[in-house]
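Here is what each chain is made of, one letter per residue.
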Amino acid sequence: MSYFLQQLINGLQLGFVYALIALGYTMVYGIVRLINFAHGDVFMVGAFLGYYGILRFHFPFPVALAFAMVGCAILGIAIERIAYKPLRAAPRIAALITAMGVSLFLEYFTSLKFVFGPNYLAYPRPFKLVTYQVGGVSFSTIQIIVFAVAIALLIVLQYVVQRTKVGMAMRAVSFDKETAGLMGINVDRIISLTFGIGSALAAAGGVLYGVAYPQINPFMGIMPGLKAFVAAVLGGIGSIPGAVLGAVIMGVVETTSSAFISSTMRDAIAFSILIIVLIVKPAGLLGKKGIEKV
Amino acid sequence: MKRVLVGATILLAFVSCAQKQNVIKLGLVAPLTGDVKTFGESTKNGFTVAVDEANAKGGINGKQIKVFIADDKNDPTEAANAGSKLINQDGVRLIIGSVSSKCSIPLSELCETMGAAMITPTSTNPKVTIRDDGTRKAMVFRACFIDPFQGAVAAKFALDNLKAKTSAILYDVGNDYVKGLAEFYRDDFVKGGGTVVAYESYAKDDADFSAILTKVKRENPDILYVPDYYNKVGLIAKQARQLGLKSVLMGGDGWDSPDMTKIAGEAIEGGYFTNHYSPDDPRPEVQEWVKKYEARFGSKPDALATLAYDATSLMIAAATQAGSDDPAKVRDALQSVQMKAISGSVTFDSSGNPIKSAAIMRYTRTGQEYVATVMP
Numbered sequence: 001m002s003y004f005l006q007q008l009i010n011g012l013q014l015g016f017v018y019a020l021i022a023l024g025y026t027m028v029y030g031i032v033r034l035i036n037f038a039h040g041d042v043f044m045v046g047a048f049l050g051y052y053g054i055l056r057f058h059f060p061f062p063v064a065l066a067f068a069m070v071g072c073a074i075l076g077i078a079i080e081r082i083a084y085k086p087l088r089a090a091p092r093i094a095a096l097i098t099a100m101g102v103s104l105f106l107e108y109f110t111s112l113k114f115v116f117g118p119n120y121l122a123y124p125r126p127f128k129l130v131t132y133q134v135g136g137v138s139f140s141t142i143q144i145i146v147f148a149v150a151i152a153l154l155i156v157l158q159y160v161v162q163r164t165k166v167g168m169a170m171r172a173v174s175f176d177k178e179t180a181g182l183m184g185i186n187v188d189r190i191i192s193l194t195f196g197i198g199s200a201l202a203a204a205g206g207v208l209y210g211v212a213y214p215q216i217n218p219f220m221g222i223m224p225g226l227k228a229f230v231a232a233v234l235g236g237i238g239s240i241p242g243a244v245l246g247a248v249i250m251g252v253v254e255t256t257s258s259a260f261i262s263s264t265m266r267d268a269i270a271f272s273i274l275i276i277v278l279i280v281k282p283a284g285l286l287g288k289k290g291i292e293k294v
Numbered sequence: 001m002k003r004v005l006v007g008a009t010i011l012l013a014f015v016s017c018a019q020k021q022n023v024i025k026l027g028l029v030a031p032l033t034g035d036v037k038t039f040g041e042s043t044k045n046g047f048t049v050a051v052d053e054a055n056a057k058g059g060i061n062g063k064q065i066k067v068f069i070a071d072d073k074n075d076p077t078e079a080a081n082a083g084s085k086l087i088n089q090d091g092v093r094l095i096i097g098s099v100s101s102k103c104s105i106p107l108s109e110l111c112e113t114m115g116a117a118m119i120t121p122t123s124t125n126p127k128v129t130i131r132d133d134g135t136r137k138a139m140v141f142r143a144c145f146i147d148p149f150q151g152a153v154a155a156k157f158a159l160d161n162l163k164a165k166t167s168a169i170l171y172d173v174g175n176d177y178v179k180g181l182a183e184f185y186r187d188d189f190v191k192g193g194g195t196v197v198a199y200e201s202y203a204k205d206d207a208d209f210s211a212i213l214t215k216v217k218r219e220n221p222d223i224l225y226v227p228d229y230y231n232k233v234g235l236i237a238k239q240a241r242q243l244g245l246k247s248v249l250m251g252g253d254g255w256d257s258p259d260m261t262k263i264a265g266e267a268i269e270g271g272y273f274t275n276h277y278s279p280d281d282p283r284p285e286v287q288e289w290v291k292k293y294e295a296r297f298g299s300k301p302d303a304l305a306t307l308a309y310d311a312t313s314l315m316i317a318a319a320t321q322a323g324s325d326d327p328a329k330v331r332d333a334l335q336s337v338q339m340k341a342i343s344g345s346v347t348f349d350s351s352g353n354p355i356k357s358a359a360i361m362r363y364t365r366t367g368q369e370y371v372a373t374v375m376p
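Residue numbers (our numbering), protein chains in the order written: chain L, 1 to 294; chain A, 1 to 376.
Rather than coming from a laboratory, the hints here were simulated on the basis of the structure. If you're wondering where the values come from, they're calculated on a predicted model, not measured in any experiment. Misleading hints may appear alongside valid ones.
Stated by the list, open to error - Below 20 Å or equal to it, Euclidean Cα-Cα: the simulated SDA-like pairs (lysine to any residue) are: (1) A:329 / A:353; (2) A:204 / L:56; (3) A:262 / L:215; (4) A:25 / A:262; (5) A:262 / L:56.
Said to hold, decoys possible - Which chain L residues stay away from chain A? Per the calculated CB distances, all over 10 Å, these: (6) 14; (7) 57; (8) 160; (9) 177; (10) 212; (11) 222; (12) 223; (13) 248.
Just so you know, even glycine gets a beta-carbon here, dropped at the ideal spot from N, CA and C.
So that you can see chain L by itself, here it is in the shape it has in the complex:
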């Protein structure tokens, strides 16, 4: 039993990091119907900004986290302005391919020697590691910090989206861009804001990932990005609670299949679940069936 609980904690830790990335995918998709494949790389940039914040500028951990989030929010907005906005009226496939281009650009540009460099870096641990034992289950300060930061950010996001004027505007734009524009909402600003918020969350995910699994490199975003994308689809792309649910399921399924079945089968099992869910519920677990607008 304690073994199961331990594995559950491992799975939740991974799941919460996925959730922070998955939110960006789902928010951006919800508002501009674009799968932003560069999102995993924004996550990577976030991890690196956190790294520099802690090591170069000697920021305390919360400041480094905020630094990475702000930096990536700016990056996300810039990507949207430069790469996606000119294509907003173009066919969706054009924007999708541009997203892949941006992703490759971020990976290879940041691996240049004068940017982040192509090498693997050991991530600093900006706090003391203490391991607690509760009834055969051990958890450390790292897990506490990952859970606390992730849950806090999810609550803030939920508040912003559901309770504020900006959030209402975001929901309106996602519901119907043209009509929202006619109601006096500055659609461009709301789209920028969505990219900014999504990227900031990915940056937080990157910093937490670096702290939890202490090694970073310019290509570290590919796999977590892909898994988080799958999580967003699993939960129902476009749905914020869905992304969190999907991510937690992904994390827990991955660790439990490693733990109880076979580590070699892990990804096969995780992706089989995705396929089964999509056969039964094509819109994902919490996704709404889209109304075809004619």
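Assemble chain A onto chain L, guided by the hints.
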């Protein structure tokens, strides 16, 4: 203007022709960036020392050696690209490389087809010099021992010296070197009377090992064998200690990097690994080499640098003996070469593998220490 250009082109062609006859081209493929960059750096250092020494002594039969270096980023596709660039674009026919087996295997296929002679300094997987059907790749040699030997040495050391009864093994399912070494170690550990309590795989890009390490911790084995490269090992070691795993860590020659203690810190302390040589070896040629290398690069040569030096010296010796840079002749010379190299005396068996001993090393807080030498 046009005439001048044509004239210049012809002149250039003559100049490059003239150069071609005066130099012997030697290529190096190594991971100068990426997840095993210290391997590439050390390899390049060893290679450069050997070439500089030979050139200072008048080159190969009076011809200077010209080097061409290509980065494979420790990626099999990049290794094949780097090899084609050297062969097709630069006209190199003698190649040293690559470092990891997963890169040397595609590179060896390429050298076979293109008729270039190749020596890998450090790729230990048997498949580098033999095909899947068991036939020999005629143009390919290596300067290091192979993994069946390395795995056997590690298993024997764990059973006899560490008195281990149980062992867990973690390996990267997509890496020929790691997977091969894990299998050889497992087979020998079981044959020697030990029990393998967990045999778990992960993928190249995995960073979260908490699930499989929690599983290993439940079995509480005496040894945790992780035959991956230093970066991954550092990550796994840290997470293992964080979860409170007490097992002794063991691994292969992929652990040999000055970055290991930086990455893993105290998590790797007390870990054992099998290696090609030790800088503490008292043989005079080793000590002379260590002194020479330290004077130039400011650090002790690791096995990567030493084997690169040996491989390059072998290639140069064979080309000198063959009296040309014709890869087929160099190949025949290599097959019959006998050399007292730094990492042990080298004669090649029929599969292109040298017969050599292994060193057991241990990580301390600040670096490595020599434990024992095991003969084949």
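Do the hints match the structure? See the list:
1. At roughly 19 Å between alpha-carbon atoms, residue 329 of chain A and residue 353 of chain A fall within 20 Å of each other, so this suggested pair holds.
2. A hinted pair counts as satisfied when its Cα atoms are at most 20 Å apart, and residue 204 of chain A with residue 56 of chain L does not qualify at roughly 29 Å.
3. Distance check on the hinted pair: residue 262 of chain A and residue 215 of chain L sit about 12 Å apart at the alpha-carbon level, within 20 Å; holds.
4. For the hint pairing residue 25 of chain A with residue 262 of chain A, the CA-to-CA distance comes to about 37 Å; that exceeds 20 Å, so the pair is violated.
5. A threshold of 20 Å between alpha carbons decides the hint, and for residue 262 of chain A with residue 56 of chain L the separation of about 17 Å falls inside it, so the pair holds.
6. Not every C-beta of chain A lies more than 10 Å from that of residue 14 of chain L, the closest at about 5 Å, which undercuts listing it as non-interface.
7. Remark: the non-interface label on residue 57 of chain L is consistent with the geometry, its nearest Cβ contact in chain A lying 21 Å away (cut-off 10 Å).
8. With a least CB separation of 29 Å from chain A, residue 160 of chain L remains clear of the 10 Å interface cut-off, as annotated.
9. Every C-beta of chain A lies more than 10 Å from that of residue 177 of chain L, the closest at about 36 Å, which supports listing it as non-interface.
10. Annotated as non-interface, residue 212 of chain L brings its C-beta within 10 Å of a C-beta of chain A; the closest such distance is 7 Å.
11. For residue 222 of chain L, the non-interface assignment is contradicted: its Cβ lies about 7 Å from the closest Cβ of chain A, within the 10 Å cut-off.
12. With a cut of 10 Å on Cβ distances, residue 223 of chain L falls inside the contact zone with chain A, its closest approach being about 4 Å.
13. The beta carbon of residue 248 of chain L sits about 14 Å from the closest Cβ of chain A, which is more than 10 Å, so the claim that it is off the interface holds.
In summary, the structure is inconsistent with hints 2, 4, 6, 10, 11, 12 from the numbered list given earlier, while agreeing with the others.
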